[in-house]
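Protein chains: 2
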Amino acid sequence: MNRRVPLVAIVLVTLLSGCTRPAVDLEAEGEALMQLSRDWSDVAATNDLDAIMAGWAEDAVMMPPGIPAVEGKPAIRDYVEAAMQLPGFQISWEPLTVHVASSGDMAYMIERNVSTVTDSSGNLVTTYGKVVTVWRKDADGSWKNVIDMWNETPQPGG
Amino acid sequence: MNRRVPLVAIVLVTLLSGCTRPAVDLEAEGEALMQLSRDWSDVAATNDLDAIMAGWAEDAVMMPPGIPAVEGKPAIRDYVEAAMQLPGFQISWEPLTVHVASSGDMAYMIERNVSTVTDSSGNLVTTYGKVVTVWRKDADGSWKNVIDMWNETPQPGG
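In the order they appear, the protein sequences are chains W and U.
The opening position of the first sequence corresponds to residue 0 in numbering that gives the first Met the number 0, with each subsequent residue numbered one higher.
The opening position of the second sequence corresponds to residue 0 in numbering that gives the first Met the number 0, with each subsequent residue numbered one higher.
If you are wondering where the hints come from, they were derived from the structure by calculation, not from laboratory data.
As the structure is a prediction and not an experimental result, all values here were calculated from the model.
Do not rely on the hints blindly, as some may be mistaken.
Pairs involving identical chains hold if they fit within one copy or between any two copies, as the list cannot separate such chains.
Claimed, not checked - Okay, derived cross-link-like pairs now, SDA-like style, lysine to any residue, Cα gap no bigger than 25 Å in a straight line: (1) Lys72 / Ser114; (2) Lys72 / Gln154; (3) Lys72 / Val42; (4) Lys72 / Lys143; (5) Lys72 / Asp47; (6) Lys143 / Val23; (7) Lys143 / Pro73; (8) Lys143 / Ser114; (9) Lys72 / Glu151; (10) Lys72 / Pro153; (11) Lys72 / Ser40; (12) Lys143 / Thr117; (13) Lys72 / Asp139; (14) Lys143 / Asp104; (15) Lys143 / Asp47; (16) Lys143 / Leu48; (17) Lys143 / Ile66; (18) Lys72 / Ser101; (19) Lys143 / Pro94.
Turn these sequences into a full structure, and let the hints steer you where they fit.
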């Protein structure tokens, strides 16, 4: 038997394993994102602004109803800080569906949120929202929110 | 020279070219999407409902302000048809930024829109919106809209 055959086989196997990109487990990535969103909502219930801010990418764009887009993390921080100082302000959200790009570096979720604030008469006003979030996997492997957009929706089942 | 060398070289080149995925030209894909959105806005100016509907995927979700999500192309068709029948209804939009996943099968754009409708007093009311759209490349290679969401924003420069 020619001694070259094993060498060729080794070279081929090495090259083929090297050029196959690791398959992305899209279901696992999607589950991780859903859980990340749930955990982030729990963090939003705290007053820990730094922890809350960790969810957004540096270049994230927040798109609240009624005002221009809030572009970049420093502007988002100002917006969140102001919201936290509103009387009676609370917000929570939960993801409903997730889709991950086959490359595993972009994803979007449909979510819903509910927020409360105390109006000038002292009444607690509850607002229901539908939400689209877009996520990017950063170089360190962590998912960061790049788009956070919502608008008003009728009370579920209301 | 050993005659096996060229054979090995041919095998290697064939295998390597076969296992390298075609690189996605993300800039070209992004440009194509921006143009697709501009063209779609031009189509929206017509009364050709079938042509307008071609932009959405079968499972697209439209998320207009103030109402529950409009899920799936048949429901979106009903929504668009009803909008087209409002007195003085017109809508146009333009894309501002685009991001494409490295796999080239998912993308999102930030866009802006402007719509008009005649109110009950006969006055033309103009509404400005900021928009997030999410797109999926279908098996036939065409981009389809899967998320179409907007909310109100102050008049640009107003």
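Task: In rising order, the numbers of the hints this structure does not comply with - done: When the structure is compared with the hints, only number 12 turns out to be violated.
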